[in-house]
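The lines below spell out each chain.
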Amino acid sequence: MKQWNARIGSVWLWAGFAAVLLVVPQIFTSGLSVTMLSQMGIAIIACLSYNMLLGQGGMLSFGHAVYTGLGAFVSIHALNMYSGAGAAVPLPVSLVPLVGGVSGMAFAVIFGYVTTRKSGTTFAMITLGLAELVFAMSLMVPEFFGGEGGISGNRMAGPVVLGITFGPAQQVYYLIAVYTLVCMVLMYAFTQTPLGRLLNAVRDNPERVEFIGYNPQRVRYTAFIIAGFFAGVSGGLGALNFEIVNAEVVGAARSGGYLLFTFLGGATFFFGPIIGAILMVLAFVLLSEFTQAWLLYLGLVFMVMVMYAPGGIASLIMINLRVARYGKLRALLPSYGLLVLASLPPLLGLAALVEMVYHRQLNAATGSVVKFFGLGLDTGSIPTWLALGGALALGSWIFSLAQRHFVAHWDAAQEAIEHQTHTAGAAP
Amino acid sequence: MSTATDPSGSRPALALELRDLRKSFGKTEIIRGASLAVHQGERVAIIGPNGAGKSTLFNLISGRIAPTSGDILLNGQHIKGKKPFEINRMGLSRSFQITNIFPNLSVFENLRCSVLWSMGYGYTFLKFLVDLDDANARARGLMEMIGLEKKRDVVALNLTYAEQRALEVGITIAGGANVVLLDEPTAGMSKSETTRFIALIKQVTEGKTLLTVEHDMGVVFGLADRIAVLVYGEVIAFDTPEAVRASARVQEAYLGSDVADAQAGDSGQGH
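Sequence lines, in order, name chains A and B. Using our numbering, the first residue of the first sequence is number 1, and each one after it goes up by one. Using our numbering, the first residue of the second sequence is number 1, and each one after it goes up by one.
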């Protein structure tokens with residue numbers, strides 16, 4: 001009975017998510033937002049598949065783009081060869097991502113056989129080496145990888161079914177949305193199976209797994225292959241979405257992006273990478289438009305998260321939900337407000353200084369004044385530098401006071417919750 | 001099928017047999033020709049001074065490290081050179097001196113993972129865990145047996161030390177192995193915890209073959225049917241507690257005051 005309730009509950013959750021996927025492009029109708037939504041779907045599949053390794057299996061891979069990227073290359077070749085008119089075996093365009101999935105899986109079968117023999121640092125190093133190897137290959141074999149220009153394709157090549165040409169971005173979006181939903185459900189389902197749980201056990205303590213009858217290498221390998229499949233699907237969708245694939249998709253920067261944003265979103269919860277993937281697209285598309293220093297900001301955010309919230313945004317949400325469930329969140333709100341308020345001066349001071357440095361290095365030819373939130377900051381004026389530096393220093397000091405205040409209240413709330421759970425026996 | 005049955009038929013079959021087992025690390029020989037024959041259903045304690053090779057012996061038997069030479073037979077089958085998970089599947093399970101559990105999984109998940117192989121679920125990802133009624137029932141039963149049913153959803157790293165030790169034993173017996181190796185199960189426990197824990201071990205290993213490394217002599221003499229004395233990598237005595245106590249060789253080699261203490265403790269506890 002309980003099982004069925006839980007199952008119906010999750011069906012509603014997924015139905016809700018499906019409704020969101022359906023409705024969102026009707027709300028954000030601009031070309032840019034539909035493109036971004038498509039990219040988010042692609043990134044969600046990629047980050048969730050990456051988290052099968054990182055969060056669920058404890059495998060820190062530096063080469064996940066190998067599987068998304070090679071999936072993308074095989075997909076675009078399949079699209080070019082089999083989806084056009086007159087192909088011997090006609091391949092519907094809507095199934096091209098599955099070709100990507102199968103190829104991602106095939107490469108995971110080959111490469112994973114080597115990488116998953118080891119765990120921990122050794123695993124990480126081997127994935128890094130393999131990623132470099134594949135990237136080097138991509139420049140050496142232009143027949144397959146297309147050299148500098150990459151390989152382009154035409155997603156409208158196939159026959160028109162029910163008026164769907166995959167020409168308009170919205171039609172591609174809906175194809176991506178269907179794949180995203182199905183992949184998410186499947187990947188979530190995986191976490192509820194014996195192998196999914198054993199993967200967690202291998203993450204926690206591979207040695208102990210050997211003494212309960214399982215070969216941890218085989219657990220890692222199987223999970224790696226499954227993750228490779230979903231990575232390939234994501235790559236195939238990317239190929240359809242952009243209609244061009246170049247060597248960048250197997251590059252180290254792409255792999256690093258999956259790692260960084262999966263971590264930011266939160267590797268310890270299933271939904272964490274979904275948040276991470278959405279942030280990834282926002283950062284790559286919007287933040288990069290907004291400031292030239294976006295990679296620096298990204299790096300700083302990543303560092304702060306690693307130090308203060310290693311569970312990512314998902315864990316921040318979950319611990320605050322816990323506080324709210326015990327009715328302690330309301331009392332914490334003033335402390336939160338104070339914290340946010342106190343964080344503004346140092347953050348703005350820092351951002352202003354960063355923007356000024358970037359301006360001097362990159363855009364000095366356009367004059368010494370840089371626009372910053374409507375203000376004109378003169379990079380040639382020493383008092384401006386000093387004032388901002390002072391604001392940063394003073395602001396940081398004030399922020400540290402606010403932080404101490406917040407931590408005290410936070411700890412008190414946690415203690416009260418602990419007390420409550422011990423007296424009540426069980427959590428609500 | 002099995003050749004373990006004694007031809008005379010008068011004694012129970014051998015559960016575990018070590019034949020002239022040797023292990024060297026570099027030039028140092030740690031296990032120097034250890035031989036041991038443990039019968040089905042027997043409770044054996046392995047004692048010996050620090051550095052005698054007790055833990056190494058367990059590591060050899062369970063496949064954690066490979067012996068240099070010699071033979072190991074589990075239920076009559078050779079297991080030397082097999083991987084730990086293969087040996088586990090053949091019916092041998094072990095616990096560790098330093099708690100070795102799945103720290104980020106709940107108590108229930110720890111136990112459920114540990115029963116999966118023996119119930120034939122293998123590496124499947126085509127079934128949901130909630131639907132595995134037999135595995136879930138078994139995990140629940142284990143949880144009650146080790147007294148952690150109230151901690152079902154507590155993450156293992158948040159358990160108390162004694163609870164973690166109990167979980168360690170639970171994981172060890174979960175697969176239903178008929179030969180169980182417990183490496184210092186009561187290490188680091190208080191006197192009262194130890195007493196309770198020994199009762200638990202007796203209960204959960206009922207009908208199984210048990211080998212345990214133990215330092216507390218009171219525990220050893222209370223728990224074991226036979227005692228193996230390991231000194232410098234050799235089994236110098238393997239007999240009933242009374243005989244081991246009386247053995248001049250054991251006294252000389254190792255026990256001395258420890259036995260006297262234990263005897264005093266035993267009569268004091270009156271068992």
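Take these hints with a grain of salt, some might be off.
[To be verified] Using C-beta positions, here's what the derived DEER-type ranges look like:
(1) B:V154 / A:A189: 19 to 29 Å
(2) B:I98 / A:T268: 53 to 63 Å
(3) A:K118 / B:G141: 56 to 66 Å
(4) B:A248 / A:T268: 54 to 64 Å
Worth flagging that the hints you see were computed from the coordinates, not collected in a lab. Glycine included, C-beta positions come from ideal geometry on N, C-alpha and C.
Going through the hints against the structure:
Here the CB-CB span from V154 (chain B) to A189 (chain A) is close to 26 Å, well matched to the stated 19 to 29 Å. Under the hint 53 to 63 Å, the C-beta atoms of I98 (chain B) and T268 (chain A), about 25 Å apart, miss the expected range. Checked against the hint of 56 to 66 Å, the C-beta distance between K118 (chain A) and G141 (chain B) comes to roughly 36 Å, which is inconsistent with it. Distance hint check for A248 (chain B) and T268 (chain A): the Cβ-Cβ separation is about 60 Å, which falls inside the suggested range of 54 to 64 Å.
Of the numbered hints given earlier, the model fails hints 2 and 3; all others are met.
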